[in-house]
Every structure is written in C-alpha cells, then in structure tokens.
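Listed here are the chains, written in short residue letters.
2 protein chains.
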Amino acid sequence: MSATTISVAAPADFHVHLRQGSFSELVTSHVRLGGFSLAYVMPNLQPPIVNTEEALLYKAQLQAIDPTIEYLMTLYLSPDLTPDEIRKAKQSGIVGVKSYPRGVTTNSEGGIESYEVYYPIFEAMEEQDMVLNLHGEVPSDPTSNTCVLNAEATFLPHLVKLHKRFPKLRIVLEHATTRAAVECVKSLGSTVACTITAHHLDLVVDDWAGQSWNFCKPVAKFPDDRQALREVIKEGHPRFFFGSDSAPHPPDRKSVSSPKQACAAGVYTSPILLPLVATLLESFGALDKLEHFVSGFGRAFYGRPAADERVTLRKTLHKFVEDSWALGDATVVPFWAGKQIGWEIVSE
Amino acid sequence: MSATTISVAAPADFHVHLRQGSFSELVTSHVRLGGFSLAYVMPNLQPPIVNTEEALLYKAQLQAIDPTIEYLMTLYLSPDLTPDEIRKAKQSGIVGVKSYPRGVTTNSEGGIESYEVYYPIFEAMEEQDMVLNLHGEVPSDPTSNTCVLNAEATFLPHLVKLHKRFPKLRIVLEHATTRAAVECVKSLGSTVACTITAHHLDLVVDDWAGQSWNFCKPVAKFPDDRQALREVIKEGHPRFFFGSDSAPHPPDRKSVSSPKQACAAGVYTSPILLPLVATLLESFGALDKLEHFVSGFGRAFYGRPAADERVTLRKTLHKFVEDSWALGDATVVPFWAGKQIGWEIVSE
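So the protein sequences, as listed, match chains A and B. Every letter in the first sequence is one number past the one before it in UniProt numbering, and letter 217, counting from 1, is 217. Every letter in the second sequence is one number past the one before it in UniProt numbering, and letter 156, counting from 1, is 156.
Read the hints as simulated data drawn from the structure, not as lab findings. Worth double-checking, as some hints may not be accurate.
Since copy identity is lost for identical chains, a pair holds within one copy or between any two.
As the list claims (entries may be wrong) - Calculated cross-link-like contacts (lysine-lysine; reagent style DSSO-like; alpha-carbon spacing at most 27 Å): (1) 234 / 289; (2) 315 / 161; (3) 59 / 164; (4) 339 / 186; (5) 90 / 59; (6) 260 / 234; (7) 168 / 339; (8) 339 / 88; (9) 260 / 88; (10) 260 / 319; (11) 168 / 88; (12) 260 / 339; (13) 260 / 315; (14) 59 / 88; (15) 315 / 164.
So that you can see chain A by itself, here it is in the shape it has in the complex (with noise of 0.2 Å):
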C-alpha cells in the first residue's frame, strides 16, 4: 500500500522569479501557498539587479509582502561588477551572481557574451565563497547550427572550462533539460550542481509544440532528455536538486493572438509547487526522494542549515489546479491551469 500522507522537511525553492510592483506582490504570495520557505530570488529586473544596495532594497520589499520565506538574494552578472562588490555582496549576505547570455530568455538583453573577461570576479567569487548560477545556453545563431534545441548541449563545454580554471568556485548549472547536461554535472567535481524544474519533468517538445504557455527556456527536449532527469532524482544524486524556476507572465504575455509577436518565456508554477513536484515523482517512482529532491539536497550544496518546519502532503483525488489567481489589476495563470494534481499541501 502506498502513503497518503508524506512529511518532507522545509522546502527550498532554489531558482525562482519574484518580478515587481504590483504583479510581485501576487506571485511572492505564492512561495508559501506552493509549500515552500526558501527563496532564491533571480535579479533579472527591470533593469536588473546589479549591486548590492539595488538587492538589499529589492530583499526588502519582498519581505515586506511576505516575512515568512527566506529570500537567498543574487547579483545580475554584468559589466558593473567588480571584485570589491563581490566582497561587500558577500558581507550583505547576497549568496550569488547569475549568469545569463545575452539574449537568451526574459530581462537578458544586458546578459554576458564572453566569460574571461569576469575572471577577476569569479576570482573573488570563490575566494569569499559566492556561488555562481548559470543560465547554460548559448545564443541562437543559424550560421552555427545553433538554435534553441542544442543551445544547452553546446553550453556545456563553457561549464567544463569554468570548473576547471576555478576548482573551488560553487557553479550550479540551472534548470537542466538534457541528458547531455545531467552527464555532464555528475562528470564534475563535488562544487557543481544542477537544478531541475518541475515543468521540465513533465514536459516533452511536443508539448509546447503549438502551446505557448508550455514555451519556457531552456525549451523542454526529447523524451529520453526528461528520462534522463528523471533518472538521476530517482537515483538519489545529491548535487541535482529543486530550483522551479517559477517564472509568472500576465495572460497577455503567454497568449499568442497574431503572428507578429511572439509570447514571453517562461512556466509559472509557485502556487502549486509542491503538490506538482510529489505528483510528478510518483508519477515515476520517485516520490520516496522528494525530501532530498526539495529539501536537503538543496540546503546541503549552499551550506543552509537543515530546516526544522515540516510541511504534510496529502494524497487527493479530488484536488484539481486553479484557473488563475488575480491581486488588484495583477492576473497569473499557472501551469496545469484545470488538471486534476494528486497531491494537496495540509493545513497547520
């Protein structure tokens, strides 16, 4: 018989978008609604979050909207750092700098084309021990080949020489899509890691394929991509862990109504975080390492300590995904608007 009830320690949500103004104080709401009390928070704002007076600021308002999570900050990489901010980021508590190429995904523009010219950041990176999150994809451009379907596997090489030339450096490969990715991180030394969505668990090609709503980036891949990431949470991996990678649009974003604009990237899947993620590792056997999966494995790679709250799960047959959620003009519609979910977060 199987259990109707499981009891995983804090969750941590390490890669999440908390936007801004009015439509933050809609989806920050939603980290604890999803089971969720750890945070960390993405800089790519409006304009990004490159200092740490701009994350300080930025924490407090979050935690002006909901005091409860712990909001872990982090800097946009960008030409404005330098090894002195990293130093006074790191006395601040900031915990990361995250990387993104430029033009990759929402709020990129600003992103980096080439990384030797931050090695005296990342120097000071892994001398005051700041971890360095990482969008893994290269930009598209057809006189390569290079487009969104391969832009991981051909990011992977920029890890491998990242790693080697900074042993020490803390480098999490986010939300990892590929079988190629997942062989790569495990092929590193202990300071790498990866994070894995729960979108990505679900989600295949063709499911996107005609539905924008299901269009994120990285963009999800084959099937036997999705097995491989199944397989290493099912294998217990302890430096492959929870990031959701939440990123909330308004409808008219993620709508398509015309070809002449394409919509906004990104899967929204804070308020239903936790019951999606058990349903999903039950759905392959998994559901036994959903507490390392969103919890331990996490906290143990950025040096967190364990958490003493305890969220409880139920199993349901009756619980299906909200339509959508509004706060004053604010409207987000989640991932698996209307699906019937397995499982339901019980009440304190």
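Following the hints, complete the assembly by docking chain B onto the known chain A.
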C-alpha cells in the same frame, strides 16, 4: 545588376489544403491570387475524401469557386480503399493517394498505422501509375524517444522499404524538413520525389517556439536542415519541387489563449505564394531556379504538360503582406502578415 522583373511558366502548387464550406470559398480564391494555376488538392476533409465519387464532388465544388484553376484530386489512404476503387479513380482523372500516419496532423485520426495491409492498393496504384503522397512522420511515442523533432527522420526507412518493394510506384515525400530526408530522397530512384514548402525555407525551430502561428507539421527543424532544403533547390535537383502545404485555419485555432488548448498545425501561404517563394529563393541566391522549382520539375514528375500561360513578377520595395483576408464570416491570417515582401505579381 539583378533583374527587376521575372517571368515563369504557370506555377503549380503540388500540395495544398482547400478546405470545405465558406472557408473553402475564401481560400480557394487565393490560389490564383498567389500566382498559381494548378492545385494538387489534399483529401483531409471532415470526413476525409476516400473514394472517387467524393473526390469528383469536391472537385466540382472547387471548380464552382474558381473554374480557372486546374485541380488535381487525391484520395485519403484508408481501409475503405480497394484496388477496384484505384482503377475507378484513375479512370476518373484522380491523380494520387495521400497517406497520413495516424494522429500526426489536421484530420489524420483515420490515418495509417502500418503499410503492409495496403500493399494490394499500392500494387494497383503502381499498375495504374497513380502517385502515392506520403506525410512522412511517425506518431510521437515517448517510450521510443519519438517526438515531433525526429518524426520525419524516423519515418524514412518506411519510404525506403516502400520504394524497394514498389520500384515503379511514383512516391512523393511531402513537405520535407530535414537534411536526412533530402539525402534519403536523393539516394532513391527516379520514381521518388519530394515537395518543399515556402515556410520551411524560412523557419527554424526558434520561429515556432512561443509563436503558434508558425507551428505546422512537420515542424521546422534545425538551421542546418533548412540549409539542406535551400541547397537542393539551388542545385536544381529535378526531383525536388514546390508544394506549399498551405494550410489555413480560423484565427481562433491559430491563436493560443489558455493553457488548455494547443493551436492547430498549419501555416497559410496561398495568397502570397509566388511572391513569397521568389523572395525566399532570392534570399539564398536561387532566384534563377524559380521556374524549375515552382513549375517545371513538379509538372514533369507528375507527367503534366508544360503550361503556356506565364506569370510575371516585379521587384518592389513598397509591398507588405496583408494582415488578413475575409469573406462572409470566414477570416484567415497569412504567413508573414504585416511583413515586407520583395516581389509582387504584375497584373495582366
């Protein structure tokens, strides 16, 4: 100095969807508007065209809309088809039989699962010199890592097997999208040809990622696959000719407004067809192959006489593709809506 006008023998579209009812009245009138005078008509109506009587009735409906177009009719390969029906169809001037793998594209629910049961039909077709038109994709199946990206490459062994078993049967691999398909067709005998669409000369996977209006089946693939299609046209290979696969859908079936329904597969090019193909061929230095590609090679493979009629195109810097066309309650939005196009048809 490059030419500012170009004249081609009457273009033939060897793969087009002319639909039913009021929608058919709108889109059938666009064949001529797009500069074409021959339409090889796909049979995937609801219900599909499965016998001679239905094909002739459909042909009469199309002739009532525009009697100036030469309509070449096809039957939908299904268990209802018999060798006797093939002979009857041939005597009635029906030219081909279209095979859809089950569930792969619009109205393909009745498509085939295995070819061997159809061998008696193919024998009759070979004897009667009817053409077999293949939608060359296998259905997606996660357990065998099959998805929209490798569906065409995975189909190719079926094409090779059919050609070996029926070497005199004329076979057209429709709307090729991959280098693998181009190389496969090249390697086969003179009875095997291949159509190429306009949109697959333009799009790669990035263009339909998050943009449902560019989603069609087969999906556009890697830049190198697009390059292979361009190269084989530039080379002037006589077994590669034009078939638009122009596939109109109402705007509400191409838009995506919620996560609950994916859009219909299909790109609509009919009303801008010859100017579009000229613009694309010019972009990769193959404008001198336009006449062979859109008129000569296809007519030769199908054994149709060369056309007396000619169409003249003029280079333009002032032409933008219309946002939509409407007739009664039917509306359709073209590929490249609002975009500049480099050639226009000179009215007679």
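Do the hints match the structure? See the list:
1. Proximity of residue 234 to residue 289 under the C-alpha cut-off of 27 Å is restricted to the intra-copy arrangement: shortest distance 7 Å within a copy versus 55 Å between copies.
2. For the identical chains of this complex, residue 315 and residue 161 are neighbours neither inside a copy (45 Å) nor across copies (50 Å), given an alpha-carbon limit of 27 Å.
3. Taking CA atoms no more than 27 Å apart as the test, residue 59 paired with residue 164 passes in neither setting, with 33 Å inside one copy and 68 Å between copies.
4. Neither within a single protomer nor between protomers do residue 339 and residue 186 lie at most 27 Å apart by alpha-carbon distance, with minima of 34 Å and 46 Å respectively.
5. For the identical chains of this complex, residue 90 and residue 59 are intra-copy neighbours only, at 15 Å inside a copy versus 75 Å across copies, given an alpha-carbon limit of 27 Å.
6. In this homomeric assembly, residue 260 and residue 234 never come within 27 Å of each other (Cα to Cα): the closest approach is 42 Å inside a single copy and 30 Å across copies.
7. When the C-alpha separation of residue 168 and residue 339 is checked against a cutoff of 27 Å, the pair qualifies neither within a copy, at 44 Å, nor between copies, at 51 Å.
8. Taking CA atoms no more than 27 Å apart as the test, residue 339 paired with residue 88 passes in neither setting, with 46 Å inside one copy and 50 Å between copies.
9. Proximity of residue 260 to residue 88 under the C-alpha cut-off of 27 Å is found in neither arrangement, the shortest distances being 44 Å within a copy and 47 Å between copies.
10. Taking CA atoms no more than 27 Å apart as the test, residue 260 paired with residue 319 passes between copies only; the shortest distance there is 17 Å, against 37 Å inside one copy.
11. Taking CA atoms no more than 27 Å apart as the test, residue 168 paired with residue 88 passes inside one copy only; the shortest distance there is 20 Å, against 77 Å between copies.
12. Taking the shortest alpha-carbon separations for residue 260 and residue 339, only the inter-copy value of 9 Å comes in at or below 27 Å, while the best intra-copy value is 30 Å.
13. With identical chains, the CA atoms of residue 260 and residue 315 are at most 27 Å apart between copies only, with a shortest distance of 24 Å across copies and 44 Å within one.
14. Proximity of residue 59 to residue 88 under the C-alpha cut-off of 27 Å is restricted to the intra-copy arrangement: shortest distance 16 Å within a copy versus 76 Å between copies.
15. Taking the closest pair of Cα atoms, residue 315 and residue 164 never come within 27 Å of each other, the shortest separation being 45 Å inside a single copy and 55 Å across copies.
The earlier numbered hints that this structure contradicts are 2, 3, 4, 6, 7, 8, 9 and 15.
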